[in-house]
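Novice: These are the residues of each chain, in order.
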Amino acid sequence: DAKTTQPPSMDCAEGRAANLPCNHSTISGNEYVYWYRQIHSQGPQYIIHGLKNNETNEMASLIITEDRKSSTLILPHATLRDTAVYYCIVRVASGANSKLTFGKGITLSVRP
Amino acid sequence: KAGVTQTPRYLIKTRGQQVTLSCSPISGHRSVSWYQQTPGQGLQFLFEYFSETQRNKGNFPGRFSGRQFSNSRSEMNVSTLELGDSALYLCASSFSQPAQFFGPGTRLTVL
Numbered sequence: 360d361a362k363t364t365q366p367p368s369m370d371c372a373e374g375r376a377a378n379l380p381c382n383h384s385t386i387s388g389n390e391y392v393y394w395y396r397q398i399h400s401q402g403p404q405y406i407i408h409g410l411k412n413n414e415t416n417e418m419a420s421l422i423i424t425e426d427r428k429s430s431t432l433i434l435p436h437a438t439l440r441d442t443a444v445y446y447c448i449v450r451v452a453s454g455a456n457s458k459l460t461f462g463k464g465i466t467l468s469v470r471p
Numbered sequence: 331k332a333g334v335t336q337t338p339r340y341l342i343k344t345r346g347q348q349v350t351l352s353c354s355p356i357s358g359h360r361s362v363s364w365y366q367q368t369p370g371q372g373l374q375f376l377f378e379y380f381s382e383t384q385r386n387k388g389n390f391p392g393r394f395s396g397r398q399f400s401n402s403r404s405e406m407n408v409s410t411l412e413l414g415d416s417a418l419y420l421c422a423s424s425f426s427q428p429a430q431f432f433g434p435g436t437r438l439t440v441l
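One line per chain: the protein sequences are A and B, in this order.
Each residue of the first sequence is one higher than the last, beginning at 360 in my numbering.
Each residue of the second sequence is one higher than the last, beginning at 331 in my numbering.
Next comes chain B alone, as it looks inside the complex:
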């Protein structure tokens, strides 16, 4: 099976812009989770989607949002980008738990 794929792999944006990141889970996996990784804060949970519904949410401002489509593919959006949003954004998928499988991540740089 193909692994979790994320697009794009690298992205450069400027402050105030918005960005949409995409994640395609492993075939058959219905749960998709998003994480943000920065040098200062480490890996932090953003949200999880299961069957097109947000099931869990981390402590991030409303500028961070996501959705999941009927084919389990997921997108996350960050509006009004700030310098501090520069990070590696990771997507993970799972099939009724227990293990989550991560993609390679999208490296976002905000200038």
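Next comes chain A alone, as it looks inside the complex:
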């Protein structure tokens, strides 16, 4: 599986956009970029995923660079409830090798 690199932590002010970076320079052509988050002691929550086009849903936007070697998760208006560990994962979409390999993630702290 391709590996991802994320800074260990970042913070942002409530109401502002949170831009969470991720590097995945060895990503393969058939691997998607997934983002999950985990609020303390809860199960991880799926946020969004994409292959090469930018994606947006009700939770966030995912911006993937043209060379697919990095991506950014954008929370447009961060709230205190967005404080969590955010995991960037690359994996194939289906099949026997589609397990999620979690790294250490990035701890986002949203301050009032």
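Derived from the structure by calculation, the hints contain no laboratory data.
A quick note: this is a predicted structure, and the numbers were derived from the prediction, not measured.
Yeah, the Cβ is synthetic: ideal placement off N, Cα and C, and Gly gets one too.
There could be a bad hint or two in this list.
To be verified - Restricting the straight-line Cα-Cα distance to at most 30 Å, the calculated cross-link-like pairs of lysine-lysine (DSS-like) are:
1) A:Lys362 <-> A:Lys463
2) A:Lys428 <-> B:Lys387
3) A:Lys411 <-> B:Lys387
4) B:Lys387 <-> A:Lys463
5) A:Lys411 <-> A:Lys362
6) A:Lys362 <-> B:Lys387
7) B:Lys387 <-> B:Lys343
8) A:Lys463 <-> B:Lys343
9) A:Lys463 <-> A:Lys411
10) A:Lys463 <-> A:Lys428
11) A:Lys428 <-> A:Lys411
12) A:Lys362 <-> A:Lys428
Claimed, not checked - Some, not all, of what chain A presents toward chain B, calculated at C-beta under 8 Å:
13) Gln401
14) Gly402
15) Tyr405
16) His408
17) Lys458
18) Thr460
19) Phe461
20) Lys463
Given the coordinates of chain A, assemble chain B onto it according to the supplied hints.
Specialist: This is chain B only, laid out in the frame that chain A set:
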């Protein structure tokens, strides 16, 4: 739809005992995966079941096993418990990919 449910939510066992954890996936989901989360090792993949067959397996000893029933419900078993097995055990289900949906987890404490 109801989410992934896991039972029990909390469990205390002693070394040498065995334990069985249960996971009910989201209705219609046929794939169930199990993960172990500890402060030291983070989230680690245990195994995945699809249509009652183990499709993928992580690097855990044989004391960790699982199965899936015809209704997609899954159980995992840990035999001869060790102190290091204390962890949050998470179950995730999916429907022909791509996203996996996690349950709240079972917090296992081994004394």
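Novice: A separate judgement is required for each hint: does it hold in the structure or not?
Specialist: How the hints compare with the structure:
no.	hint	result
1	A:Lys362 <-> A:Lys463	holds, 11 Å
2	A:Lys428 <-> B:Lys387	holds, 28 Å
3	A:Lys411 <-> B:Lys387	holds, 29 Å
4	B:Lys387 <-> A:Lys463	holds, 21 Å
5	A:Lys411 <-> A:Lys362	holds, 17 Å
6	A:Lys362 <-> B:Lys387	holds, 19 Å
7	B:Lys387 <-> B:Lys343	holds, 25 Å
8	A:Lys463 <-> B:Lys343	holds, 28 Å
9	A:Lys463 <-> A:Lys411	holds, 24 Å
10	A:Lys463 <-> A:Lys428	holds, 19 Å
11	A:Lys428 <-> A:Lys411	holds, 10 Å
12	A:Lys362 <-> A:Lys428	holds, 11 Å
13	Gln401	holds, 6 Å
14	Gly402	holds, 3 Å
15	Tyr405	holds, 4 Å
16	His408	holds, 6 Å
17	Lys458	holds, 5 Å
18	Thr460	holds, 7 Å
19	Phe461	holds, 4 Å
20	Lys463	holds, 6 Å
In summary, this structure violates none of the numbered hints.
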